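Mind docking chain B on chain A? Use the hints.
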Amino acid sequence: MTATDHVPSPVTELPFRTRVGIFLRLLAIQGSWNYESLLGNGIGFCVEPALRLFPEGIHSDRFKSALARESHYFNAHPYLASVAVGALARAELDGEPPQRIERFRTALCGPLGSVGDRLVWAGWLPFCSLASLAIFGLGASAPVVVGFFLLVYNAGHLGLRAWGLRTGWNHGLRVASALGNPVLRRGPEQIGRLAALATGVAIPLSLGRIIGPGRNLLGGVLIAVAVGAFIVVRLKGRIEGWRLSLGVLAAFVLVSVIA
Amino acid sequence: MSFIALLPIALLGGVLGLDVVSFPQAMVSRPLVAATLAGVLVGQPASGLLIGAALELVALETLPFGASRYPEWGSAAVVGGAIFSAHPQHPSGAMTIAMLGALATTWVGGWTMVQLRKLNARLARAHRDGLEAGARGTVISLQLMGLTADLARGALLTLVAFLILSPIADATIALWTMDARLSRSLVVATVASVAAGAAWKLFHATPGARWFFVGGLAAGLLILFAK
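One line per chain: the protein sequences are A and B, in this order. Letter 216 of the first sequence, counting from 1, is numbered 216 in the working numbering, and no numbers are missing. Letter 127 of the second sequence, counting from 1, is numbered 386 in the working numbering, and no numbers are missing.
Here chain A stands alone, though its shape is the one from the complex:
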């Protein structure tokens, strides 16, 4: 038998142990991330427990050619890569032709990257961060602030990975239709609004708590923040904010120590 033969597999459902194994590996999918194959090796690493279900076993040509194929270049958002892992595991176990799987891998990279970036990095993460800062500003203790952030953020994080794996496995090569899920399409916009609300609440409150009691400096600081934010926006990314902060604080230290 050659690797290119279309070999239907009897596996219609991932055993619980395999599913858990893949899920845990998904948490380390970026473990060997590099500028050449990006997530490629990570995809192979995550799909591997499913490939062990090949009736021919792990020493067969079928296993080896599938693992080699899955370890090639791949790019996606790390959380939504679970969709690809589920779908690719299904495609391999269904014995889809290698050329079709490779075309599918190529087509999946873009959408999984952009959807994940908008939903998680530009939406969920800043929202959770700002909501936690608002709670901090209201005077909550360290365990409450940290616990809130980790619980809320990871409810979304782990839920998304689990959904992705299940959806990818259930849809196989037809998983593109699942990316039309309302949460993925409209979620970033809704989360964006909530995050904007949280920004408004969080900045003055957290600022007030960090400065400490007394109001004589607060008004001046709020005006300075408005002016500073305007400058940061007008700079349009010509210098990153953290570098700007580094420069301003370094100058401030020099003045404070030398003066």
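In case anyone wonders, no lab produced these hints; they're calculated from the structure. Misleading hints may appear alongside valid ones.
To be verified - Here are some of the chain B residues that sit facing chain A, going by a computed Cβ distance under 10 Å:
#1 358
#2 363
#3 418
#4 419
#5 458
Every value quoted in this text rests on a predicted model; they were computed, and no experiment measured them. Ideal Cβ placement from N, Cα and C applies to all residues, glycine included.
Then chain B, alone, in the frame of chain A:
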């Protein structure tokens, strides 16, 4: 501080540096969490939270989009959190110096992440035959080598940064002349400007987000001045 006393801080920096990209990306590495955990190690969680919140405001601007190069906050926040928490009376200049130390570490940390990614690529090239042959051991060992290297990177970075920056922080705080609240206000104005600018860039294109922001700001100011 003895090496034994530094070990937990270095290990925490390693684990949280690992969380940034490699495992498990649960955002334990966000400054709000990382600096608080460093504060817990030093016995001052409230101080850790305070500096963590200030660092989190800056970190809002550097989100880990795609393959972009970004600063590494996990180890850096541990360094900043440990330095600030080591001065529980929050003397004048402590927050400024701790912030500066964390920002400098995050810069170096970003560079070390780039080097790690290059190392991962070199390792993958060295094992190309195994990868092309679909060798299970090669795929798994590459992943484990990357994870181990990242853990070591974070721990080493934290250890070296803390060893260098902690005595500098002590010396600088001793020379500090400006009033504590004024110093802190300047720090906060700087980081909050970055956060507000970052939030604007993220959300201004979202329909209706401006009104949500204005509503939130009104509520925030009302609560602030009512307290």
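Quiz prompt | residue 458(B) as chain A interface residue, shortest Cβ-Cβ below 10 Å | solution = 4 Å, holds
Quiz item: Quick one, is the residue 419(B) hint okay against chain A at 10 Å, beta carbons?
Solution: Status violated, d = 18 Å.
Quiz item: Should the hint that residue 358(B) touches chain A count as held when the rule is a Cβ pair under 10 Å?
Solution: Holds. Min distance 6 Å.
Practice problem: Closer than 10 Å between Cβ atoms is the bar; does residue 363(B) clear it against chain A? Give me holds or violated. | Solution: 7 Å, holds
Quiz item: Per the CB criterion, is residue 418(B) less than 10 Å away from chain A?
Solution: Violated. Min distance 21 Å.
Hints 3, 4 from the list above are not met by this structure, while the remaining hints are.
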